[in-house]
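**Q** Using the sequences and the accompanying hints, generate a full structural model.
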Amino acid sequence: MSDTELCFMPATELARRIATRELSPVTVVDAVIAQAETMDRTLNLFAEPTFDQAREAARAAEAAIMTGAPLGSLHGVPITVKDNVAVAGLRWANGSAAFMDNVAVEDAAVVARVKAAGAIIIGKTNLPEFAHKVLTDSPAFGVTRSPWSLDHTPGGSSGGASAALAVGVAPIAIGTDGGGSIRCPSSCCGLAGLKATLGRIPQEAPDGFANYFFVGPMARRAQDVALLLSVMAGPLPADPYSIGAPSLAIDLASPERAAPGLKIGWIEHFGRYRTAPEVARLTGAAVRGLEAQGAVVEELHDPCFDDVFDIYTVIASSAHMARYGGLVERWGERMTPSFLDSVAKGKKWSVVDVIRANDQRTRLFRAAQLLFERFDVIATPTMIAPPKPLDAGGSIATEMYAEWAAPLYPFNLTGHPAMSVPAGFTADGLPVGLQLIGPWFAEERLLRIAALLETIEPWHQRRPPVLQSM
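Start counting the sequence shown at 0; every next residue gets the next number (numbering that gives the first Met the number 0).
Think of the hints as simulated: they come from the structure by calculation, not from any bench. Don't be surprised by glycine CBs; every beta carbon is placed ideally from N, CA and C. There's no promise every hint is true.
Pair ranges (Cβ atoms, derived) [what the hints assert, rightly or not]:
no., residue 1, residue 2, range
1, Asp358, Pro388, 36 to 42 angstroms
2, Thr66, Ala275, 51 to 57 angstroms
3, Pro464, Gly141, 20 to 26 angstroms
**A** Set out below in structure tokens:
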């Protein structure tokens with residue numbers, strides 16, 4: 000079996016073959032690291048590669064297999080972790096030069112869970128400073144490029160993760176999503192990425208109650224998203240929303256059964272923004288594919304989505320100011336200009352502004368809940384335009400973000416599960432994603448639809464052109 004076959008093998012298949020001794024975790028990890036070393040030179044994937052530790056872990060994983068030790072569901076499977084998620088003993092820089100000396104004392108809960116399941120971390124992936132925008136460039140680690148076009152972004156803020164997945168550097172990744180940061184890069188790189196329901200996957204953000212920040216799974220295949228979700232999910236005493244979350248059961252067998260009778264609310268143009276014609280055509284075709292399988296599709300425009308950015312920007316930029324304002328005073332111009340702008344914007348809001356924004360957030364949630372009395376799923380373009388050039392900006396405090404990511408941040412505020420799945424490619428060869436949003440704790444529904452879409456149009460099989468030039 001070639002290294003390329005190993006690098007693009009789904010995590011579910013790798014785990015099965017490793018457990019049955021058809022594949023060695025050492026062979027798999029060596030292949031993925033070789034791919035990573037080659038691709039990183041062009042794409043700049045990592046904040047911190049951990050290749051030596053990964054090789055050591057692979058040898059230990061192989062020894063466990065040979066001695067008949069109990070194996071977890073991810074035993075020997077390579078994984079990447081975004082740099083704003085804590086991994087004990089590794090630098091935890093959050094994409095900032097100000098945090099280059101910060102080392103995590105203990106694992107984040109989700110990292111502890113994937114380690115316990117046997118996954119092997121091969122590196123921490125790049126992100127913009129404090130995950131503040133939907134492009135990936137960092138004053139600490141530089142610019143990450145898209146493997147589909149080196150002049151374009153792989154999205155953000157989980158852009159290192161998305162670019163790595165697209166070129167076969169690990170089959171699964173841990174990303175984060177504070178305003179679209181899993182779904183945007185998934186769309187930009189032709190991947191599947193899930194922001195689960197608030198509380199489904201425990202988070203350890205500073206604000207446990209007004210939280211809009213999520214940790215979640217990214218992969219090339221829906222089945223791998225489901226596998227990683229099953230490991231990451233579950234209650235954590237430190238996360239109040241996770242304590243009452245129902246148990247998770249995912250069955251992706253017979254995905255064709257997902258469509259008949261499914262009621263889909265289709266939003267072609269989100270809020271006050273217009274979707275680019277090519278994106279509307281591709282995502283509309285994906286929805287029509289579901290309709291051909293028996294889904295019932297109704298066009299939807301609800302005024303509740305018209306001015307969500309005005310709510311989100313108050314909440315998000317005031318959080319930047321509250322948590323990083325002191326850091327800005329010390330580091331100043333050594334930080335990303337767009338992050339400084341977000342902090343400055345957050346400084347202008349009053350306590351009354353923030354409370355009003357959170358009240359509006361509650362009204363938005365209740366309006367979305369009413370929509371799910373009519374629909375089983377809401378579908379939108381993930382991004383309203385194709386992937387952007389590297390210098391496009393993208394801070395959460397800008398109108399560019401408000402427009403391009405319009406379908407994303409509303410569901411950070413409402414907490415509903417939302418997933419991006421591949422929907423095709425533009426004439427220039429850039430990926431486009433379809434977003435699926437469900438009622439609270441409807442992750443299995445979204446994953447079944449995603450699995451069905453993969454059978455209708457197997458976009459996940461297309462490989463980025465950067466692979467051909469190496």
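**Q** Now tell me if each hint is right for this structure.
**A** Results of checking the hints against the structure:
1. Asp358 - Pro388: 36 to 42 angstroms: holds (37 angstroms)
2. Thr66 - Ala275: 51 to 57 angstroms: With Cβ atoms ~56 angstroms apart, the hint holds.
3. Pro464 - Gly141: 20 to 26 angstroms: Taking Cβ atoms as reference, Pro464 and Gly141 lie about 22 angstroms apart, which means the hint holds.
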